[in-house]
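Single-letter residue listing:
Protein chains: 4
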Amino acid sequence: MRIALVVDIIRQEEKLIVKALNDHGIDYDVINVAQEPIPFNKALGRYDVGIIRAISMYRSLYSAAVLEGAGVHTINSSDVITVAGDKILTYSKLFRAGIPIPDSVIAMSPDSALKAYEQVGFPLIDKPPIGSWGRLVSLVRDIFEGKTITEHREMIGNSALKIHIIQEYIKEKNRDIRCIVLSKDELLGCYARNIPPNEWRANVALGGNPSSLQIDEKLKEIVLKASNVINGEFVSVDILEHPSKGYVINEFNDTPEFKGFMLATGINVPEKLISYIERGFS
Amino acid sequence: MRIALVVDIIRQEEKLIVKALNDHGIDYDVINVAQEPIPFNKALGRYDVGIIRAISMYRSLYSAAVLEGAGVHTINSSDVITVAGDKILTYSKLFRAGIPIPDSVIAMSPDSALKAYEQVGFPLIDKPPIGSWGRLVSLVRDIFEGKTITEHREMIGNSALKIHIIQEYIKEKNRDIRCIVLSKDELLGCYARNIPPNEWRANVALGGNPSSLQIDEKLKEIVLKASNVINGEFVSVDILEHPSKGYVINEFNDTPEFKGFMLATGINVPEKLISYIERGFS
Amino acid sequence: MRIALVVDIIRQEEKLIVKALNDHGIDYDVINVAQEPIPFNKALGRYDVGIIRAISMYRSLYSAAVLEGAGVHTINSSDVITVAGDKILTYSKLFRAGIPIPDSVIAMSPDSALKAYEQVGFPLIDKPPIGSWGRLVSLVRDIFEGKTITEHREMIGNSALKIHIIQEYIKEKNRDIRCIVLSKDELLGCYARNIPPNEWRANVALGGNPSSLQIDEKLKEIVLKASNVINGEFVSVDILEHPSKGYVINEFNDTPEFKGFMLATGINVPEKLISYIERGFS
Amino acid sequence: MRIALVVDIIRQEEKLIVKALNDHGIDYDVINVAQEPIPFNKALGRYDVGIIRAISMYRSLYSAAVLEGAGVHTINSSDVITVAGDKILTYSKLFRAGIPIPDSVIAMSPDSALKAYEQVGFPLIDKPPIGSWGRLVSLVRDIFEGKTITEHREMIGNSALKIHIIQEYIKEKNRDIRCIVLSKDELLGCYARNIPPNEWRANVALGGNPSSLQIDEKLKEIVLKASNVINGEFVSVDILEHPSKGYVINEFNDTPEFKGFMLATGINVPEKLISYIERGFS
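Residue numbers (full-length UniProt numbering), protein chains in the order written: chain A, 1 to 282; chain B, 1 to 282; chain C, 1 to 282; chain D, 1 to 282.
It should be emphasised that the hints constitute simulated quantities derived from the structure, not laboratory data.
We put the CB at the ideal spot given by N, CA and C, even for glycine.
Just to be clear, a hint being listed does not mean it is correct.
[What the hints assert, rightly or not] Straight line, CA to CA, 30 Å or less: simulated DSBU-like cross-link-like pairs of lysine-lysine:
1. B:Lys-19 x A:Lys-42
2. C:Lys-42 x D:Lys-115
3. B:Lys-173 x B:Lys-220
[To be verified] Computed from the model, here is a short list of chain B residues facing chain A with C-beta under 8 Å:
4. Phe-40
5. Leu-44
6. Asp-111
[What the hints assert, rightly or not] Sample of chain B residues at the chain D side, in silico, Cβ under 7 Å:
7. Gln-12
8. Leu-136
9. Ile-143
10. Met-155
Hey, can you work out the whole structure from these sequences and the hints?
Spelled out as structure tokens, the structure:
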């Protein structure tokens with residue numbers, strides 16, 4: 001077996017994957033796509049598996065696509081990255097499958113966003129379909145704040161960031177839940193991310209502090225079901241606790257960070273990932 | 001039957017679709033997503049079909065996604081728009097299926113692009129994965145031109161536009177071929193777009209002038225095969241004529257313009273589209 | 001006398017200037033800098049005066065600069081446009097000269113902005129140094145809103161818009177005052193712009209509705225003094241009424257719009273401007 | 001005497017300035033404007049001099065402006081930074097004063113740029129008014145290259161970068177000359193920057209390699225004259241050698257880098273700067 005580990009910046013997470021590969025005595029090449037071009041070429045078929053770990057969403061997406069062109073099994077595949085990396089595409093698949101998501105309205109212009117604010121009612125969340133670490137996920141408490149956000153969004157030179165997901169603000173528990181799923185049926189684990197002071201978001205990058213969490217059957221069921229709907233092979237899932245709907249899926253991450261997860265749960269994620277690959281994806 | 005016609009700007013093409021809907025006596029609503037927000041709501045299931053015609057790629061993509069959330073059959077679906085709207089994702093699927101594409105290398109940083117230029121050799125084409133009307137599709141004839149392009153791309157505030165598809169320059173015939181496909185097995189027709197003076201691109205928006213074209217079996221075969229690989233239901237295909245490889249697929253368009261096509265071929269595209277829908281997609 | 005009227009888009013204001021030029025029988029050329037390049041060339045010295053009316057700040061600035069290169073008297077000059085078009089450069093000159101401005105702190109990074117919010121205290125105004133029509137002028141009422149703004153600003157691909165002017169929120173009167181000054185010593189007039197519902201800004205573009213205003217000596221004095229500090233020849237001035245400081249200068253506009261002003265005051269601005277030029281700037 | 005040394009990133013150059021300040025036993029504070037907000041406040045008047053060394057042009061400009069508001073003598077002043085930091089404003093002042101510059105045409109839209117290309121004739125240089133290190137300074141050899149550049153420029157989210165300075169390509173000597181001027185009448189020195197292979201620009205950041213240079217009277221005269229026209233107190237000047245016009249001024253830098261200069265000339269720039277300040281600017 002030969003593995004291509006695709007990276008752009010090598011974080012602790014990628015070092016841990018390298019360590020697991022070494023521990024298992026698996027052949028691998030590290031491909032740094034920030035430095036090396038990759039061709040559409042059947043010779044890439046020398047790799048059995050591509051582990052996709054670029055921090056940039058587009059670099060991950062396109063690296064996976066090029067490897068798949070040569071028949072390589074990618075984790076995750078470009079199809080999964082496309083859907084999991086985009087909150088509207090995610091919601092579409094989940095909503096169709098009957099899996100709870102936050103009540104959401106999509107607005108594709110500033111005027112339309114102002115209308116949607118009225119429909120949804122304040123306070124609400126306005127966020128773009130792409131992006132990580134909670135960036136641009138805005139809490140909007142009145143029309144003043146809404147106008148400020150729509151004006152700023154229009155000045156950003158990326159059309160995707162001018163699209164507004166306007167959704168109910170689910171506050172209840174002052175935390176969110178992050179789980180990691182591996183393969184179709186294994187929920188590796190979950191932990192809670194508690195919202196810090198002066199924040200409305202639980203992202204660790206914004207100061208959210210992790211704590212352990214008891215996984216109940218309902219949580220396990222919805223997480224695996226959601227993950228299967230988007231065909232996730234190795235993804236993290238963010239879940240909110242809704243006062244009436246119970247667990248709702250907020251978003252996926254297709255290149256899951258797992259440093260915080262490992263600290264909170266004690267689960268050795270890269271070891272699990274490499275074992276799964278070694279077993280032939282079962 | 002009830003149809004949602006999704007638009008942002010109403011061009012002549014959308015007017016012709018409206019006319020065809022009226023001619024067939026089909027119920028429809030025009031949804032202008034530049035003005036109206038659309039919710040994730042099962043009530044959208046009142047529509048049987050969504051015809052997606054927003055000019056903005058993201059507006060088309062997300063409108064389709066929201067309608068699909070309510071179970072609506074969209075033409076095209078968000079999955080098709082995702083792949084057909086992205087040249088790297090398109091190439092991945094085609095290359096895997098053995099369908100000829102231009103020799104292409106993907107570079108995801110300026111340094112990597114400079115390396116890829118050397119690998120591919122000048123002259124070459126450098127283009128980003130997304131975009132329409134030939135925009136940013138650059139002819140690069142030496143390293144000076146290459147440096148100019150990589151520097152400019154880095155200044156654009158959209159990460160996808162910092163990705164380089166670097167590919168062989170296929171000049172031979174001084175034209176490209178555009179075909180429109182409807183459903184799995186109907187090639188509506190094809191015409192040639194001839195490259196005007198002072199251009200290297202055949203796009204009509206850049207002055208490319210259309211002429212009629214005799215469709216041979218090889219062309220028909222590759223176009224239908226390619227269209228099926230990406231599951232296109234109503235797409236246009238751009239084909240280049242390669243001196244040694246014959247026909248190669250250059251790109252798709254998921255919201256095909258057909259004004260020029262109708263002039264060149266005499267085929268009534270909206271009539272065909274609406275009849276196809278009326279027949280129940282067969 | 002020969003005049004160059006520099007425009008990009010011709011609004012009603014530019015039509016009125018053309019009418020005044022015709023009424024006075026003055027020779028002029030309309031130079032549309034959105035269509036025609038302009039060279040550094042002494043031949044431009046055939047113009048005695050350049051009236052600079054491009055809507056784009058950069059087009060105005062650079063048109064003035066090119067004409068000045070050939071010795072043309074520009075209204076306004078590139079030096080005036082530079083200072084009046086930039087709120088920090090404006091404040092620098094005014095503050096040095098002892099003319100009241102809103103208490104302001106300049107922050108040049110997101111972290112620095114968060115510190116400045118604490119120093120100034122909520123509610124406050126955060127706005128970038130450049131821009132018109134109140135765009136991106138944000139009311140910030142707590143740290144949540146502040147974080148939303150700093151995050152958004154960082155995503156905008158223009159470094160000047162990542163600079164924060166963080167200043168006291170002067171609400172008192174629910175209006176601002178706009179005056180137009182012509183030459184060193186003529187205050188053409190003033191009117192009030194009343195803040196509409198659901199807004200914190202008085203800009204007419206945002207729905208601010210004009211009303212007439214009695215000009216007192218204090219207002220006249222500060223406006224002329226401020227205008228002289230920045231060498232304004234034909235500028236508008238926005239003034240706020242501060243509960244303790246009295247009149248404070250909020251900003252200038254170097255290409256003043258005067259349609260609303262004419263309605264509110266009955267003063268024929270272009271007639272005044274052309275007469276002033278005809279008299280030889282006196 | 002008390003000095004404010006304004007920085008954002010501390011390079012070797014700023015360390016050398018700190019060393020010179022220490023050697024002279026001068027009191028100073030380092031103000032990192034990437035971290036600390038600065039207020040419009042007369043208390044800043046505790047500084048006699050502000051040495052402005054932020055790498056970001058806007059940070060330099062606005063730091064100078066805020067200090068000047070409190071009456072501080074800045075090197076350079078915001079007026080100098082405004083003009084020296086902008087190639088069109090620079091050319092305007094120089095051309096008016098009869099100092100040779102490259103023949104230049106200003107175009108403010110893509111269509112206008114295409115017209116200017118024809119007027120100037122290929123090969124030519126197309127560059128935006130702002131920017132450092134040769135970035136976006138493009139060699140344009142035919143209309144294909146010109147179209148590629150105008151298309152890319154339109155996609156950049158900064159209006160100033162959509163402005164084109166289109167000028168004659170001055171190749172002759174395969175080098176440019178960089179001089180540093182201190183005060184009204186002291187030419188500190190000059191050196192040559194030789195254009196490396198695969199480049200059309202001499203910038204050191206792009207591989208241009210420095211060599212020593214004999215300064216003749218003509219060079220000295222034009223450099224001091226140019227520097228005085230823009231009121232430069234501590235600036236670098238880039239000079240081209242034109243086959244018929246002799247020396248022409250290409251651009252200024254208002255926050256001169258001097259590491260390469262010191263290596264090539266052996267002149268201790270920070271020592272000279274601090275001595276000049278200590279002497280009371282004489």
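Outcome of the hint check:
1. In summary, the hint linking Lys-19 (chain B) to Lys-42 (chain A) is not supported, as the alpha carbons are separated by about 48 Å, beyond the 30 Å threshold.
2. Taking the CA atoms of Lys-42 (chain C) and Lys-115 (chain D), the gap is near 20 Å; set against the 30 Å cutoff, the hint holds.
3. At most 30 Å may separate the alpha-carbon atoms for a hinted pair to count; Lys-173 (chain B) and Lys-220 (chain B) meet this at roughly 19 Å.
4. Using the Cβ-Cβ criterion of 8 Å, the hint placing Phe-40 (chain B) at the interface with chain A is satisfied: the shortest such distance is roughly 5 Å.
5. Checking Leu-44 (chain B) against chain A: minimum C-beta separation of about 10 Å lies over 8 Å; hint violated.
6. Contact between Asp-111 (chain B) and chain A, as hinted, is supported at the beta carbon level, the nearest pair being about 6 Å apart and thus within 8 Å.
7. Interface restraint check for Gln-12 (chain B): the shortest CB-CB distance to chain D comes to about 24 Å, outside 7 Å, so the restraint is violated.
8. For Leu-136 (chain B), the shortest C-beta to C-beta distance to chain D is roughly 6 Å, which falls under 7 Å, so the interface hint holds.
9. Look at Ile-143 (chain B): its Cβ gets to within about 5 Å of chain D, closer than 7 Å, so that hint holds up.
10. For Met-155 (chain B), the suggested interface contact is upheld, since its CB lies about 5 Å from the closest CB of chain D, less than 7 Å.
In this structure, the hints that do not hold are numbers 1, 5 and 7, in rising order.
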